[in-house]
Amino acid sequence: MVEALATGKLAASRIDDYLQHRYPLVSKEEKEKLVGDLLPETIEMIKKIGRLEPPILPPEARAKDFEPVELVYDWEIAVNEARRCLRCGIGAEILFQDKCATCLTCLRVCPYHVPYLDASGTAQIPVEQCQACGICVVECPAKAIVLRKPYDRRHITEELEHIIKSAAESKSKPLIIAFCCQYGLFGTGTLASMWRGAKGGIWIVPVLCVAKVETGHILRAFEMGAEGVFIAGCGEQCARENTAAWVRQRVEKVRKTLAQIGLEPERLEAFNLSAADEEPVQALDKFTEKIGGLYLVSVIVQEVKS
Amino acid sequence: MIVAEQKPLEEIRRMIAPYPKVLLLGCGTCMTVCGAGGEREVSFVHGALRVAQAKSRNGTHTFSEYTVKRQCDLEFLDPLVDKVADIDAILSLGCGIGVQVAAERFPDIPVLPGVNTSFLGAADEWGVWDERCAACGDCRLEETGGICPITRCTKGILNGPCAGTKNGKCEANKDMDCGWVLIYKRLERLGQLDKMRRYYPPRNFRTIPRPKRLVSKANIDEGGGDG
Chain A
132 MVEALATGKL
142 AASRIDDYLQ
152 HRYPLVSKEE
162 KEKLVGDLLP
172 ETIEMIKKIG
182 RLEPPILPPE
192 ARAKDFEPVE
202 LVYDWEIAVN
212 EARRCLRCGI
222 GAEILFQDKC
232 ATCLTCLRVC
242 PYHVPYLDAS
252 GTAQIPVEQC
262 QACGICVVEC
272 PAKAIVLRKP
282 YDRRHITEEL
292 EHIIKSAAES
302 KSKPLIIAFC
312 CQYGLFGTGT
322 LASMWRGAKG
332 GIWIVPVLCV
342 AKVETGHILR
352 AFEMGAEGVF
362 IAGCGEQCAR
372 ENTAAWVRQR
382 VEKVRKTLAQ
392 IGLEPERLEA
402 FNLSAADEEP
412 VQALDKFTEK
422 IGGLYLVSVI
432 VQEVKS
Chain B
43 MIVAEQKPLE
53 EIRRMIAPYP
63 KVLLLGCGTC
73 MTVCGAGGER
83 EVSFVHGALR
93 VAQAKSRNGT
103 HTFSEYTVKR
113 QCDLEFLDPL
123 VDKVADIDAI
133 LSLGCGIGVQ
143 VAAERFPDIP
153 VLPGVNTSFL
163 GAADEWGVWD
173 ERCAACGDCR
183 LEETGGICPI
193 TRCTKGILNG
203 PCAGTKNGKC
213 EANKDMDCGW
223 VLIYKRLERL
233 GQLDKMRRYY
243 PPRNFRTIPR
253 PKRLVSKANI
263 DEGGGDG
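Here the protein sequences line up with chains A and B, keeping their order.
Taking our numbering, the leading residue of the first sequence gets 132, the next gets one more, and so forth.
Taking our numbering, the leading residue of the second sequence gets 43, the next gets one more, and so forth.
One or more of the hints may lead you astray.
[Claimed, not checked] Subject to a maximum C-alpha distance of 16 angstroms in a straight line, what follows is the list of computed EDC-like cross-link-like pairs (lysine to aspartate or glutamate):
1. K97(B) <-> E358(A)
2. K387(A) <-> E52(B)
3. K237(B) <-> E185(B)
4. K111(B) <-> D229(A)
5. K387(A) <-> E53(B)
6. K97(B) <-> E434(A)
FYI, nobody ran anything at the bench for these hints, they're computed from the structure.
A quick note: this is a predicted structure, and the numbers were derived from the prediction, not measured.
Work out the full structure: start from the sequences and follow the hints.
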């Protein structure tokens, strides 16, 4: 695709040359390859998601007027089509090589086998290979890896702070903060109505892939008064490899810590809601109910103490 | 590399209880690699302590965090001088060495250990660590095919295997390879099985008295001139 664009641009400049009676500049022909090829092991791990055709007008309807035959995508198809994004140039980079302890965590956690050690023993993440899943960013023990786009780096933290502020103003209790995949049911399906707003005390932090949610984000939510936190991925539709397992890793780690603080580990839950699931609403209702119960208990205990 | 694990949060909270202002000090070398006390873990512990404080509603601690490249050298701690001016205690997520060097660098501030330093080891896979060296000061790896009987054998015997080996596993733990079977296989592969037939005299326990000191520089008399 990138090369097609480049070729198109080259063709345009050739036409321009021709129309203006110029000789084409030779150097333009000796362009080096723009993007390196993906490694076979990377290609193997990338999920192949087919194109979704937009709906078209039936022939009877077409005959009557000159309206476009291809209709626009509806919301759900548009979001699912967006899963096919190639994520060019938005991947991870080792921004702080001085912090990097070359622990090889990125090499070991990358589902796509992208990071490598160069001849001098320095870890490298080639930009054109990276699939931007964000797992190494979250797992890097030195915090040396970041996503290349500053917006992507700040996204979850900023959304979380925004939610905390809004929730504090609304004073609805108990506060539940949810990190939800924007591609999943919160972006498209049955739960989309909860988008950016509280419903049943649930405040949604929209994330582009739950694998980017850090333990620090979860702790921050609890610190700022959340009675319960859950992370909801997009289930089997996920365009990535193994994101649910990484979420569970982090959830287990924070749960252990919550228990040591004296908070019930059930306050933190990971859901993997896919469209095929019939009970996403029920699962969430159950969670909300549980948190409500725990909240009541804590209020009573507090009052008994005072 | 030195491998450690974080202390339970209860223990950390108990240690820092008397100190209102605590600096969390990470280490960018071994503790980062083993995931016990790098910058990520420093902020994790920081976050967890803040949650604990928010939920117990009676905390008055203020926390700050900093991670140095290597805590076991005094020079790396120099940039901290300003940061610790009004600090009541340092919670070090460095290994036992890091804690002691920090204590030496800042003699007026209590330095508390945030991790339990466990062993010298290597990663088996992400998040799994195995002990590989006991730092015994009397290395026999040449004779044992590059596999250390002191750490890989539960008994640490020099003339193995013992009678407790079964199907290549150790009697102490059925999932654990018998170190001496590993040694045998490796020597077989190298064509050096004759090394199995040798008797190894007891270890040199003279290297054990502590604290050990190693001097690698030549002992040059300073007034000696160029002789």
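Tested hints:
Between K97(B) and E358(A) the alpha-carbon distance is near 10 angstroms, which keeps this suggested pair within the 16 angstroms criterion. For the suggested pair K387(A) and E52(B), the alpha carbons sit about 12 angstroms apart, so the restraint of at most 16 angstroms is met. A distance of roughly 6 angstroms separates the Cα atoms of K237(B) and E185(B); the hinted pair therefore holds under the 16 angstroms criterion. For the hint pairing K111(B) with D229(A), the CA-to-CA distance comes to about 9 angstroms; that is within 16 angstroms, so the pair holds.
With a C-alpha separation of about 14 angstroms, the suggested pairing of K387(A) with E53(B) holds against the 16 angstroms cut-off. Of the pairs offered as hints, the one joining K97(B) and E434(A) holds, with about 15 angstroms between alpha carbons and a cut-off of 16 angstroms not exceeded.
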